[in-house]
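S.K.: Spelled out from the first residue to the last, the chains are:
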Amino acid sequence: MELFTQLLTAAVASGTPLLFVTLGGIFIEKAGIIQLGAEGLMLMGAVTAAGVYLATSSLPVTLLAVLLVGGLLGLLHAFLTVTLRANQIVSGLALTLFGGGLSAYLGKAITGIPLSGAVPKFDFGVLGQVDLFTLSSLALVVVLQIAFFHTSFGLHLKAVGDNPATADVMGIRVQGMRYFAVIAGSMLMGLGGANLLMVFSPTWIEGMTTGRGWIAIALVIFARWNPLGALAACWFFGFLDTLGFRLQLAGSTVPPYFLKMLPYLLTIAVLILVGWRTQHRMSRAPQALGIPYIREQRF
Amino acid sequence: MNKYRLELDPSGRESPWWVTIVALLLAFSLVAVFILATGKNAATVYAKMLTGAFGTEFGLTETLVKAIPLMLCGLGVSLAYRIQVWNIGAEGQFVAGAMAATAITVYLPGLPAWSALPLMVLAGIASGALWGLFTALPKVLFGVNELIISLMLNYVALQALDFVVYGPWRDPAGKNFPGTPAFTAAESLPVWGNSRLHMGLLLALVAVVAAWVFVQKTRWGYELRLLGANSEAARHAGVNIKSYAVLVMLLSGGLAGLGGMAEVSGVAHRLLYGISPGYGYTAIIVAWIARLNPFGIVVSSVLFGGLIVGGYSVQTLGLPSSISNLLQGAVLFFLIAGSILGKVRVRRREAA
Amino acid sequence: MDGLPAVEFHNLVKQFGTVLASDHVNLSLAKGEIHALLGENGAGKSTVMCMLSGVYRPTSGEIRMNGTAVKIHSPKDAAKLGIGMVFQNFRLVQTLTAAENVVLGDSSPFWRTRRWMERKTKEIEALALRVGLPFAAGRPVAKLSVGEQQRVEIVKCLYRGNSVLILDEPTSVLTPAEADQLFTTLRKLKSEGKTIILTTHKLKEVMAVADRISVMRKGQMLATLDRAQTSEREIARLMVGQDRSPPKTRVPREPGEPLLIMDKVTVVSDRGRHALDEVSLTLNAGEIVGIAGVAGNGQKELAEVLAGLHVWKSGTITFREFRWKGPSVRGSIKQGIAHVPEDRMISGLAGGLGSVDNLLVKSYHSDERANLGFLRTALNRLWSQGLVEQFDVRTAHLDAPVKQMSGGNQQKLLFAREIHQRPHLLIAVHPSQGLDVGATDAVHNLLLGLRAEGRSVLLISEDLDELLLLADRIVVLFAGRVMGEMTHERADREQLGMMMAGVT
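Going down the list, the sequences are from chains D, A and L. Remember, the working numbering sits 18 above the position in the first sequence when you count from 1. Remember, the working numbering sits 173 above the position in the second sequence when you count from 1. Remember, the working numbering sits 15 above the position in the third sequence when you count from 1.
These are calculated hints, taken from the structure and not from any lab test. Accuracy of the hints is not assured; some may be wrong.
Cut-off 35 Å, straight-line C-alpha distance, at most; resulting in silico cross-link-like pairs (DSBU-like, lysine-lysine) [unchecked claim]:
1) L/LYS418 x A/LYS415
2) L/LYS328 x L/LYS158
3) L/LYS91 x L/LYS158
4) A/LYS221 x D/LYS126
5) A/LYS348 x D/LYS278
6) A/LYS348 x D/LYS126
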């Protein structure tokens with residue numbers, strides 16, 4: 019039992035950063051936009067969190083800064099993809115490259131300096147100590163689940179992502195909703211990076227996300243664009259992430275590299291599975307995903 | 174009510190060439206802001222980068238050395254992008270090629286140059302192509318998006334690299350240095366004079382010409398261009414999209430794999446950890462900035478090779494080498510914006 | 016029918032560049048009326064309806080509702096005025112349920128519990144039932160049949176309290192039984208005082224359900240008639256117009272050997288219906304056979320089947336004494352079938368490529384154009400230059416992207432490519448659509464030229480004048496069936512018009 023709680027705690031600790039990013043990705047994709055800049059956003063969120071916290075030692079200010087940075091980068095992506103209708107894939111890649119480079123650049127000065135005690139923990143008795151990020155992620159799952167499926171906002175969002183032409187005709191503001199989704203979702207992705215740094219491995223190192231942002235993008239598909247699904251998927255992947263480490267500790271003879279491959283291989287397997295099963299049915303993906311919306315000319 | 178409105182020119186004429194120049198200038202200006210923020214003089218920094226990359230003979234050859242893998246990987250991804258197959262896996266395909274070439278030295282040691290090198294070239298291409306195939310198959314069989322698959326495969330390849338470099342192929346005499354034993358002279362590509370510039374450049378240039386000939390002069394290149402220009406018209410002509418998705422992934426992967434082989438055999442003379450500092454990702458920008466044109470890719474790969482070398486050379490000024498990544502990302506952003514804004518026209522709004 | 020007219024058009028004009036789509040249209044619609052707007056494709060019905068529903072803005076003229084002038088600048092404006100339109104391509108989000116689609120756009124209430132949605136769903140189902148258009152409102156739209164989806168669209172309008180309903184070719188997606196049900200509903204709605212406008216080309220239905228009928232042709236409103244005081248014949252005559260100036264030189268020919276024999280061919284369309292229903296057709300060498308009919312009655316599928324792009328469910332196709340086993344694009348090309356598709360920039364030409372590349376599309380794998388896989392570049396350029404001159408294609412230079420050419424020149428290029436193959440059969444679909452007189456003449460001459468050489472043309476066109484001019488025989492397709500056939504000598508405009516509208 020002891021081992022189980024340990025594993026669960028570790029899985030949650032590792033999975034929660036993923037969860038923020040995945041939820042952000044779900045939000046953005048539901049509006050019909052692809053955000054491939056997740057990795058860059060995570061890194062920028064992490065380096066911002068590290069830098070600002072080391073400078074101010076104030077959690078609220080740090081979180082605000084992280085949200086601001088994520089929001090600005092999201093605004094850039096939104097402008098390029100929604101207003102200019104640029105290729106969303108290339109724009110997202112640019113964001114990742116830029117975020118990667120910028121974070122490495124800014125983080126040079128603070129590399130290796132540990133943060134400690136930044137994030138308050140709450141005692142939940144038998145469940146142990148739960149930190150602020152984990153709590154907020156759970157609250158976020160609930161809020162988004164309700165928002166997406168039980169409000170008019172959620173219905174409109176779905177329409178925007180599935181059939182923007184119809185949504186437009188029905189009076190929904192397509193551009194406005196897309197901007198909102200991209201900015202909010204990007205903020206969440208930045209928050210995921212901050213989470214990774216402040217809770218999971220509290221020292222900034224260049225490129226510390228090692229592809230988690232990309233895995234989160236795949237998890238959006240695995241979660242069927244559903245916040246509750248994201249919760250399950252991310253905690254599962256968090257579990258896998260720590261499994262390798264645990265197995266090694268337990269004296270396994272499998273080289274650690276193969277265990278490290280697991281999350282990526284599993285992502286591929288999952289995507290193939292989902293692809294194979296939806297081949298003959300309508301995909302759950304937002305139907306207009308990745309396609310820029312051009313309003314029919316009104317002469 | 175505005176009299177005028179902005180409208181994208183529906184004829185979509187290619188944005189003029191000077192847009193690329195403006196994008197580059199803007200990117201450099203933006204990064205200059207970041208440089209100034211850390212208290213350095215942007216002009217000095219850029220000057221040092223320029224001289225470091227192109228000012229000395231050493232710098233120039235180094236730039237070309239860096240350009241080789243960029244050229245090969247860039248060429249590869251450009252073929253895929255022509256038909257909107259988003260191959261982000263050049264990094265993994267590159268590593269796969271490097272590993273296969275190294276495998277020849279490990280399992281068939283002591284071969285003379287005339288057999289070792291061709292074998293290594295073949296191994297590099299084949300294994301890169303195979304890695305590319307792993308991306309193509311899920312796409313055509315299950316409709317899975319190639320973007321994420323190719324990306325995940327990058328990480329898998331990197332882990333495999335770590336495995337062999339720290340494990341079975343590790344140089345026992347290498348102390349704590351994670352790498353294979355050095356290649357013999359027969360297993361290394363010949364170099365130019367005293368520099369590190371190796372025959373890989375020749376291979377890359379041959380590949381560029383071959384790619385151009387393939388695309389412009391053969392019937393398969395024609396089908397590729399038709400598919401990229403209008404897939405519906407291509408369908409009416411009997412062209413099969415799926416076979417081409419597979420073909421471009423094989424070609425893409427093969428070229429990147431060749432790049433990997435050239436890097437281990439011509440530059441590093443061993444397989445080591447971090448054999449690729451992100452060539453596969455930079456190659457995407459190299460291809461994009463050249464508008465997928467093979468000869469343009471030669472130019473842009475030299476440019477970005479210079480960027481990388483310049484980035485190393487400013488480390489003495491106290492700046493991290495990642496400044497070149499920063500520039501790469503900024504350039505791509507401005508290029509994207511530029512290519513769209515270059516098509517904007519101002520139209521008079523019709524009276525209501 | 017007393018009081019002010021519900022809707023009036025006063026001298027409504029709509030100009031797109033140089034094209035006059037609506038030419039001083041006048042119309043008056045009363046409350047509690049079912050009004051049918053008839054005309055062929057391109058007659059201008061859709062444009063007028065789009066102006067009423069806010070998709071287009073009139074260039075000049077006035078729209079009045081209940082006597083007051085109104086400005087309708089967007090679908091929202093139209094909705095506020097109580098105007099609802101049901102398009103041919105439904106404005107429905109396939110992944111949402113029918114009920115969700117109906118309430119889409121309502122911002123209130125913000126919080127919607129499951130119970131609220133269930134209540135709404137029941138409400139909508141009740142409404143649908145009441146007007147005689149039942150459907151399962153809790154089902155995702157994708158799972159509803161096409162007929163049911165149309166009902167959702169109509170109920171959407173009713174839910175919003177629309178008093179004016181515009182239905183664009185509503186029965187094109189319905190079975191006869193569903194169409195009858197629709198008419199019953201429309202009569203019911205009429206009795207509740209709603210104004211209903213139907214755009215259609217089907218005479219039988221018009222006579223069954225309309226109170227008054229307006230006929231449009233080439234953007235003009237020709238006449239408005241009371242159903243009780245007119246006949247099918249009169250309407251058909253108005254639709255297709257009078258004979259124009261005498262046709263060009265067309266030498267009568269004896270048809271040659273049978274080239275193509277289609278025997279009871281049935282084709283299933285994407286929507287699962289019979290796009291072609293046991294169609295039998297024979298084409299002889301040196302003949303131009305015209306396929307008349309309003310678009311959407313199976314012409315597209317006919318062209319695609321013969322081009323090797325579409326599979327057929329039953330029946331046989333024999334071409335030059337060789338019975339086909341299945342669709343094959345390459346096979347069709349090899350057997351000498353050329354195809355000028357309807358939308359040249361989507362299926363025929365690659366806009367971003369130049370003339371040479373576009374000319375190569377059907378012949379790049381032949382020995383003349385390529386040698387061991389390598390294109391004979393210099394030779395191909397010379398060949399392209401020759402073709403471009405021969406067919407009088409005006410382009411800046413051989414490598415200029417084809418999308419920069421005018422429509423007429425694009426079409427000539429397309430013809431150059433297809434005719435050059437020396438085809439036994441050329442399938443030309445709406446070949447002169449969107450072309451000016453000069454380009455149209457050029458196309459007609461090309462077709463007659465093929466005929467003179469002993470080759471055959473399957474001319475699919477909505478333009479009766481074109482068919483009467485060129486075709487040796489005219490076959491009329493309606494709802495996927497052959498309605499009738501006429502030779503050039505015996506061709507009767509009125510008769511053809513009636514067949515095109517579904518009347519035997």
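S.K.: Hints first: check each against the structure and report whether it holds.
M.R.: Here is how each hint holds up against the structure:
| no. | hint | result |
| --- | --- | --- |
| 1 | L/LYS418 x A/LYS415 | 26 Å, holds |
| 2 | L/LYS328 x L/LYS158 | 24 Å, holds |
| 3 | L/LYS91 x L/LYS158 | 28 Å, holds |
| 4 | A/LYS221 x D/LYS126 | 20 Å, holds |
| 5 | A/LYS348 x D/LYS278 | 25 Å, holds |
| 6 | A/LYS348 x D/LYS126 | 28 Å, holds |
In the structure shown, no violation is registered for any of the earlier numbered hints.
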